[in-house]
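**Q** So the chains spell out like this:
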Amino acid sequence: GQQLNQSPQSMFIQEGEDVSMNCTSSSIFNTWLWYKQDPGEGPVLLIALYKAGELTSNGRLTAQFGITRKDSFLNISASIPSDVGIYFCAGQGTGGFKTIFGAGTRLFVKA
Amino acid sequence: DTAVSQTPKYLVTQMGNDKSIKCEQNLGHDTMYWYKQDSKKFLKIMFSYNNKELIINETVPNRFSPKSPDKAHLNLHINSLELGDSAVYFCASSQVWDEQFFGPGTRLTVL
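Each protein sequence line maps, in turn, to chains A and B. Going by this note's numbering, the first sequence runs without a break in its numbering and finishes at 111. Going by this note's numbering, the second sequence runs without a break in its numbering and finishes at 222.
The set of hints was computed from the structure by calculation and includes no laboratory data. Note that the coordinates shown come from a computational prediction; the quantities given were computed from them, not determined experimentally.
Calculated cross-link-like contacts (lysine-lysine; reagent style BS3-like; alpha-carbon spacing at most 25 Å):
1. B:K155 <-> A:K98
2. B:K182 <-> A:K98
3. A:K70 <-> B:K152
4. B:K151 <-> A:K110
Required output: the full structure, derived from the provided sequences and hints.
**A** Printed below as a string of structure tokens:
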């Protein structure tokens, strides 16, 4: 079945540092999504990407949809303590009903 | 106003019992989902309903039975609970081709 490889698995950084994480797949996706999950809550969408090559920003977050449609990355600039959480990439194929999630990147930010 | 709500938030029960989790969305979405998140935080889709019709059933044991009485509700009934069923269960909803909104999760503990 379709799988997403998300890396790194976890990151420990200092406040103010920039962060980069990525997802790769052996399958093509039509949509790439990045979610953040805070402890005890459900994932919340950060950025959605709909076109190959698309680069989208949301405040300090920037994400790109890879040209091959098999990868995506998320950058967070100037991290702050509230960036702590689990970041998930997700891909949607044709039909839009099924979303495959990566295993998550756990981000720890030290003040 | 809560977009996707789930009840209960916590559920502790004995092996062999039958239990239900309820989900409601007030976003007017056509599609609803159930996800299971294990102890390693891996999110895996279980079911998806579109306009009350089952469209995704991901090799879930038939002890799990979803029911969608209307477009705004998707309930999950679990028979003969097993230890391995312990996890956090998330309900989500979306319009097709669009982001999924997740509920707060139901933490199920089977003793």
